[in-house]
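There are 2 protein chains.
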Amino acid sequence: MPLAKALDDLQAFLGERLSTAKPDLDAHGLSESYFAPAPPDAVAWPETTEEVSRILQICARHGVPVTGYGAGTSLEAQAQALQGGVTVDFARMNRVLTLRPADMDVTVQPGVTREALNEELRATGLFFPVDPGANATIGGMAMTRASGTTTVRYGTMRDNVMGFEAVLADGRVIRTGSRARKTAAGYDLTALLVGSEGTLALVTEITLRLHGIPESISAGICAFPDMASAVNAVMDTIQMGIPLARIEFVCRETARAFNAYAGSNMAALPHLLVEFHGSPESVAQDAARFAEIVADHGGSEFQWSSNTEDRTALWAMRHNGYYAILASRPGARAIVTDICVPISQLARAVEETQADIAASGIPGPILGHVGDGNFHAILLIDPENTDDLDRAKALSTGMAERALALGGTCTGEHGVGIGKKAFMTAEHGEAWSIMGDLKIALDPGNILNPGKLVPGN
Amino acid sequence: MPLAKALDDLQAFLGERLSTAKPDLDAHGLSESYFAPAPPDAVAWPETTEEVSRILQICARHGVPVTGYGAGTSLEAQAQALQGGVTVDFARMNRVLTLRPADMDVTVQPGVTREALNEELRATGLFFPVDPGANATIGGMAMTRASGTTTVRYGTMRDNVMGFEAVLADGRVIRTGSRARKTAAGYDLTALLVGSEGTLALVTEITLRLHGIPESISAGICAFPDMASAVNAVMDTIQMGIPLARIEFVCRETARAFNAYAGSNMAALPHLLVEFHGSPESVAQDAARFAEIVADHGGSEFQWSSNTEDRTALWAMRHNGYYAILASRPGARAIVTDICVPISQLARAVEETQADIAASGIPGPILGHVGDGNFHAILLIDPENTDDLDRAKALSTGMAERALALGGTCTGEHGVGIGKKAFMTAEHGEAWSIMGDLKIALDPGNILNPGKLVPGN
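In order, the protein sequence lines correspond to chains A and B.
Read left to right, the first sequence gives residues 1 to 457 (full-length UniProt numbering).
Read left to right, the second sequence gives residues 1 to 457 (full-length UniProt numbering).
Any given hint could turn out to be false.
[Claimed, not checked] Just a sample of chain B residues kept apart from chain A, beta carbon distances all over 12 Å, derived: (1) F35; (2) D226; (3) A268.
[As the list claims (entries may be wrong)] Derived coverage of chain B by chain A (criterion: at least 3 residues anywhere in the stretch with Cβ under 8 Å from a Cβ of chain A; other residues may be distant): (4) 50-56; (5) 234-248; (6) 309-320; (7) 421-430.
In short, the hints are calculated from the structure, not lab data.
We put the beta carbon where it would ideally sit given N, CA and C, even for glycine.
Produce the entire structure from the sequences given, and follow the hints as far as they go.
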């Protein structure tokens with residue numbers, strides 16, 4: 001039994017930090033979304049790079065699958081152990097290793113969460129801006145190429161990871177990237193690993209760009225008569241070079257859900273939630289110029305504030321959007337899907353999606369990162385009703401196909417995992433097989449997160 | 001003779017667009033730098049993706065090397081045909097294919113130059129910001145991961161290429177990336193190809209992000225008593241979040257060369273040349289805040305203007321820096337090298353480099369992109385004196401080794417080619433062999449630009 005032998009070898013140096021107890025296996029087999037549980041055969045909690053390397057050497061020798069695990073917040077089953085094997089939980093590798101304020105960068109272990117990192121940065125005047133909503137680990141965020149509300153200003157994980165220490169399938173440890181702000185020294189292995197969902201390597205150190213906490217922040221909200229007006233206002237704002245730090249769209253159903261959940265008093269209309277970063281003068285000027293654009297597009301008065309409490313309340317509402325929507329259909333489970341399209345196609349993509357959702361009979365509020373052309377549908381299904389799940393899956397498929405038809409992508413930020421594999425040929429054609437060739441080059445035994453992202457199993 | 005057979009097959013469909021005439025071969029065998037000529041056996045001028053695909057199918061079948069060629073402005077011999085074979089010159093694939101102003105993106109063929117592209121964009125209010133100095137082709141810039149004076153604000157080619165159409169070594173045509181502003185749909189093949197120097201594929205279409213021409217631009221210049229003061233001023237500016245669009249450093253020798261070449265009247269001191277983009281109010285405010293920081297660090301009065309003529313004169317001086325420096329030693333040839341370090345190490349890297357250059361006896365003015373930690377030494381050698389070349393190479397080696405010791409990279413923007421291969425093991429360790437594995441996975445016959453970037457020949 002190769003598995004039993006591998007677990008013996010692992011136990012020998014991990015001791016109690018290797019578990020085959022059912023509660024541990026079950027906890028690591030769950031998904032945030034609708035996928036069936038897929039527990040591993042064992043969970044390992046390494047504390048050093050060298051231990052991760054030994055785990056991979058042993059599992060490679062015995063052909064045992066290895067799946068990385070951060071906070072378990074991924075949405076396309078990236079952390080589930082589809083073929084069993086060993087799940088490597090990075091909970092004990094959660095330190096901030098080296099902070100370099102003068103260079104505005106930091107090296108961390110993969111298990112640190114974004115909130116814990118920002119807590120440690122608090123005294124430095126610096127912050128790490130990528131914010132996918134969930135308090136994910138930095139390792140998980142790097143591996144899924146996470147983004148979120150601040151991407152329009154600060155970019156995705158692609159733009160904010162400078163380098164990795166990574167352990168390959170055979171246990172070799174490599175370093176990628178550079179602490180220089182740019183490099184032309186060879187293939188961009190860092191970018192190849194970002195978004196690779198643990199299928200090419202397990203990362204054990206991550207060097208991140210940091211950003212200065214803005215001197216001043218203004219944030220506000222406004223309503224529009226329809227989606228197209230809101231999107232056109234955003235396009236004008238971007239084209240005029242007004243530097244948006246956040247620009248979020250919520251549909252009228254989401255506004256109603258906010259009202260019911262948080263006692264707000266929003267009109268039952270599409271809204272934009274907006275934030276500007278800069279000096280006190282520049283954020284005031286940005287807000288004033290944005291207000292003019294909003295008015296030009298028939299929007300309501302742009303109510304903004306640079307007061308911290310007002311701003312916190314605004315974004316707490318947005319961040320609780322998922323729970324507000326979930327509460328709007330008691331007993332429901334949510335199927336969350338995301339697509340991303342060129343911004344000129346966003347109004348059309350949202351409107352056609354809304355029409356499909358309305359026809360399906362399933363409640364499905366929409367919200368998203370309008371500055372990136374990225375939006376989510378939160379499809380509320382009755383977990384007792386298999387018809388609901390089928391209809392939700394059909395809606396999700398329709399969204400992905402529409403995104404591709406409009407020149408976009410089947411996922412802007414949730415990743416592929418198993419949920420979006422069905423669309424990879426349509427999106428990438430022959431290039432998907434090239435991804436498979438790269439996978440084979442780096443992991444010939446296919447032990448790293450098998451069954452995800454690339455062709456085959 | 002596989003080569004003769006391949007050339008016959010190519011001639012059959014390229015006709016006069018395949019040349020084996022010596023002047024054509026010689027012209028394509030040159031380098032902008034000190035490398036010996038390395039002409040191909042033939043030059044092809046394809047006009048379509050399908051022709052590029054046929055060229056690669058034929059060359060793959062016969063094992064004939066293929067080297068892509070844009071404007072021939074690369075600095076590490078990337079476009080030289082080290083092992084002969086066929087050079088594919090993209091001069092006839094130089095069209096802007098699709099411009100999408102609403103999405104602020106454009107799809108071009110690889111042979112369009114950045115100046116020609118910006119000329120075509122002029123009426124749209126948009127521009128393509130990456131500016132390496134030379135009027136390189138977009139294809140060449142993508143393949144070397146070019147950057148330049150505007151990188152501190154707009155990023156490198158890594159940040160501005162959204163996707164490719166690319167022809168693989170076996171002639172298969174793939175598409176990478178997405179027109180969506182972000183995607184999490186699989187491995188980042190686009191980033192893998194950017195900076196790959198034609199060793200993984202020939203690109204036949206490139207989709208680029210565009211940016212709005214700023215409403216207002218302010219630019220100015222100031223002197224500092226020493227390099228460290230200038231760098232500290234830049235670090236404070238970045239940390240305060242003042243959005244620099246350009247920030248260039250020139251050393252006192254460069255200032256003297258400007259004076260002699262262009263009749264300027266700069267003090268013989270290190271200088272910063274700076275630019276801000278934004279609204280009329282914001283660029284004035286940025287300049288005023290920057291002036292305060294300069295004064296805090298002992299710099300001279302920051303003389304700035306938002307007048308177009310003043311600004312053009314300032315950047316013409318900077319862009320002519322290479323020629324001004326070359327003119328400062330009549331009859332000299334220039335060896336140009338570049339390194340990039342974390343910005344906290346920049347003053348040290350420059351000062352130690354200056355000491356080495358002074359000790360060598362070779363004139364070597366320094367200038368660079370200080371906001372990125374990237375600088376160039378322009379080493380002026382007597383072409384008749386082989387000792388000079390040896391000393392210049394030793395200086396270049398010392399710079400690369402120092403960059404690595406300080407946590408930086410052996411090249412920030414010129415790339416690897418053959419000139420920086422010697423430092424790849426020191427910079428990447430085992431990761432360099434991984435680059436070799438990826439090369440083999442995509443080009444098993446090693447026909448694409450053999451001898452460059454990756455291990456082996």
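Hint check results:
no. : hint    : in the structure
1   : F35     : 17 Å, holds
2   : D226    : 18 Å, holds
3   : A268    : 29 Å, holds
4   : 50-56   : violated (count 0)
5   : 234-248 : holds (count 6)
6   : 309-320 : violated (count 0)
7   : 421-430 : holds (count 6)
In this structure, the hints that do not hold are numbers 4, 6, in rising order.
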